[in-house]
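Please model the complete structure; the sequences and the hints are all you need to start from.
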Amino acid sequence: MEGRFIIETEGLTKKYNSYTAVNNLTLRIREGEVFGFLGPNGAGKTTTLLMFLGLTEPTSGKVRVSGLDPTREPLRIKEKVGYLPENVGFYDDMDARQNLRYVARLNRIPDEISSRRIDELLKMVGLFEEAGKKVGTYSKGMRQRLGIAEVLVKEPSIVFLDEPTIGLDPDGTNRMLELIQSLSREKNITVFLSSHLLEQVQKICDRVGIMIKGNLVAIGPIDELAQKKLGVEKGHYTLEEIYMKYFKEV
Amino acid sequence: MSGIFTILRKELEDHFSSTRFLLISALIVMVGVIIASMVGMGIQEELKGSTKPTLIFLFLFTSTGKLFSFVQFIGFFGPLIGIILGFDSINRERISRTLSKLVSQPIYRDSIINAKFLAGIVTITVVLVGIILIISGLGIRLIGVVPGSEEVGRLGIYLIISILYISFWLGVSILFSVIFRSTATSALASLALWIFFSFFVSLGANVLSDMVAPTPVGQTRPSPETIMKQAQVQRIVSLCSPVNLYTEATSTILNPMRQTTKLVFVGPMEQLSMMRFQNPLPLLQSLFIVLPHLISIIAITLVCFGVCYYIFMRQEIRTV
Ligand SMILES: Nc1ncnc2c1ncn2[C@@H]1O[C@H](COP(=O)(O)OP(=O)(O)OP(=O)(O)O)[C@@H](O)[C@H]1O
Ligand SMILES: [Mg+2]
Chain A
-16 MEGRFIIETE GLTKKYNSYT AVNNLTLRIR EGEVFGFLGP NGAGKTTTLL
34 MFLGLTEPTS GKVRVSGLDP TREPLRIKEK VGYLPENVGF YDDMDARQNL
84 RYVARLNRIP DEISSRRIDE LLKMVGLFEE AGKKVGTYSK GMRQRLGIAE
134 VLVKEPSIVF LDEPTIGLDP DGTNRMLELI QSLSREKNIT VFLSSHLLEQ
184 VQKICDRVGI MIKGNLVAIG PIDELAQKKL GVEKGHYTLE EIYMKYFKEV
Chain B
3 MSGIFTILRK ELEDHFSSTR FLLISALIVM VGVIIASMVG MGIQEELKGS
53 TKPTLIFLFL FTSTGKLFSF VQFIGFFGPL IGIILGFDSI NRERISRTLS
103 KLVSQPIYRD SIINAKFLAG IVTITVVLVG IILIISGLGI RLIGVVPGSE
153 EVGRLGIYLI ISILYISFWL GVSILFSVIF RSTATSALAS LALWIFFSFF
203 VSLGANVLSD MVAPTPVGQT RPSPETIMKQ AQVQRIVSLC SPVNLYTEAT
253 STILNPMRQT TKLVFVGPME QLSMMRFQNP LPLLQSLFIV LPHLISIIAI
303 TLVCFGVCYY IFMRQEIRTV
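First to last, the sequence lines map onto chains A and B. Numbering-wise (our numbering), the first sequence opens with residue -16 and increments by one. Numbering-wise (our numbering), the second sequence opens with residue 3 and increments by one.
Keep in mind that the hints were calculated from the coordinates and are not lab data. What you are looking at is a predicted structure, and each value in this text was computed from that prediction instead of being measured. Hints should not be assumed to be uniformly reliable.
Simulated crosslink set (EDC-like; lysine to aspartate or glutamate; CA at most 16 Å straight-line) [to be verified]:
1) A:K(-2) / B:E318
2) A:K123 / A:D154
3) A:K116 / A:D102
4) A:K228 / A:E207
5) B:K12 / A:D94
6) A:K123 / A:E146
7) A:K117 / B:D16
8) A:K106 / A:E16
9) B:K12 / A:D75
10) A:K211 / A:E232
11) B:K231 / B:D212
12) B:K12 / A:D78
13) A:K63 / A:D75
14) B:K231 / B:E250
15) A:K170 / A:E(-7)
16) B:K12 / A:D76
17) A:K123 / A:D152
18) A:K212 / A:E232
Some chain A residues well away from chain B (every beta-carbon gap over 12 Å; in silico) [stated by the list, open to error]:
19) K61
20) L67
21) E113
A virtual CB, placed ideally from N, CA and C, is assigned to each residue, including glycine.
What follows is the structure in structure tokens.
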């Protein structure tokens, strides 16, 4: 694994009053890698993503995304980062194309350029046929796929995906996972995804980090963690076993 | 400024294609046309044969006829336009979770609120200019008088004050849409404030003036001094309401026979006959009288927007 570090944090902490949501997080993500961010509900995953984007100010510590400080230069980061929130929202009275075009315009992409890109993306996520329908009529999975298309409209160099496969059918899930992998492999896009679906994470992630109650308790390639924690060789474990082991320790 | 035009454009498209916009414009046009025709025909009757007094054109807007004048109608109904355009502008996006999407695009956060405010003002302007043009057109046909430059100037100032006044209400409702998460709550809060300023301030003014200058016991009628004092207190208190501020300012601008903003005890037809002997107040003088009103309306609008801006910029935008 070579490549420069595209996300770096040092001692990153976020407190809500006296409650520590993220505690002293130190992390480095390489350009083009697929990083899985795991942890139980309320562990602080979303909070971390929000700090990367400059949507929440850290209480203390340092973050650099693509060499930029999110609190100081949020706009330049938002130009490069595509963010898929936990629950994506759309303008329900507009159709898929109009929604994507609006985001493209907010990213100052001229309509002539975005038109073609939007069609390509709609084909890629399998919504091309239904692109003319109002998004209000879409199913949960269709919305999720549209969310992915929306993230990619700005041609980001990093994507943050919060629970990207939630609500997708098995076929949709597989296509989503393939898509995420191809982003990393073909376009060298860094993927930072948080998920509870460990099987999927195991399939596509180069490295994982496990966060529990605001603390990063483990980080590294899955094989390495397996060897360290379970003492087993490649292929004889599941990510779930590793995760549960860490979870029980805390 | 980044992104503001994109958002503005979308908000305008939303406003102009919405059913509520259609409904309020239809209502305003309907009421405006009815009032103007009634007043116009009334003037036509009254003035048969006689020469037309100066500034007769403005009567289309200020004459109460059988119902109420157009100016009174906007004074009362205008706030509702502002409220309807703004009460769900931020919290609707919060509920549909599009707000978190907006703020993760490369735009300044204040562009969102600025664009929403601007879109509302543009919409208000379009509605008001439209209705004033319709009434004027109707008036020209009915009375057969073309407004002179003085009348056009007065109407222009009236238009500006009205836009500001409705923008204040737009600001109030956007503020509530920032504070309250539910659109029903923000709508109700705006309406409550509207009702308070429209009715209860005047009521309170009456009560307060009686307290400050009570009619002495034993006397059946208050003395002239007491009446004066009561009127003064009433006026001061009622000017705390933007509704009264607006009504007073616009009637001064559109009715140049009124030399001051104080009480005038004459009916419209007496005014008409008085006008034949009086000289109307020059436009500049009228403007001078309403300048404090104008500044107050601008100030409360700015304060309202400022508070809204401050709260919005500090709010954490996480999925609700
Ligand atoms: N504005 C806030 N005020 C107070 N506490 C907050 C606030 N936002 C988040 N928290 C707390 O921070 C903690 C971390 O929340 P976060 O959303 O980051 O968890 P998560 O790891 O994304 O969980 P999930 O897997 O359920 O999405 C939670 O305990 C939450 O209650
Ligand atoms: Mg989360």
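Here is what the structure says about each hint:
no.: 1; hint: A:K(-2) / B:E318; result: holds (13 Å)
no.: 2; hint: A:K123 / A:D154; result: holds (14 Å)
no.: 3; hint: A:K116 / A:D102; result: holds (14 Å)
no.: 4; hint: A:K228 / A:E207; result: holds (14 Å)
no.: 5; hint: B:K12 / A:D94; result: holds (14 Å)
no.: 6; hint: A:K123 / A:E146; result: holds (13 Å)
no.: 7; hint: A:K117 / B:D16; result: holds (15 Å)
no.: 8; hint: A:K106 / A:E16; result: violated (25 Å)
no.: 9; hint: B:K12 / A:D75; result: holds (14 Å)
no.: 10; hint: A:K211 / A:E232; result: holds (14 Å)
no.: 11; hint: B:K231 / B:D212; result: holds (10 Å)
no.: 12; hint: B:K12 / A:D78; result: holds (14 Å)
no.: 13; hint: A:K63 / A:D75; result: violated (26 Å)
no.: 14; hint: B:K231 / B:E250; result: violated (19 Å)
no.: 15; hint: A:K170 / A:E(-7); result: violated (28 Å)
no.: 16; hint: B:K12 / A:D76; result: holds (12 Å)
no.: 17; hint: A:K123 / A:D152; result: holds (10 Å)
no.: 18; hint: A:K212 / A:E232; result: holds (11 Å)
no.: 19; hint: K61; result: violated (4 Å)
no.: 20; hint: L67; result: violated (9 Å)
no.: 21; hint: E113; result: holds (19 Å)
Violated hints for the displayed structure, listed by number in ascending order: 8, 13, 14, 15, 19, 20.
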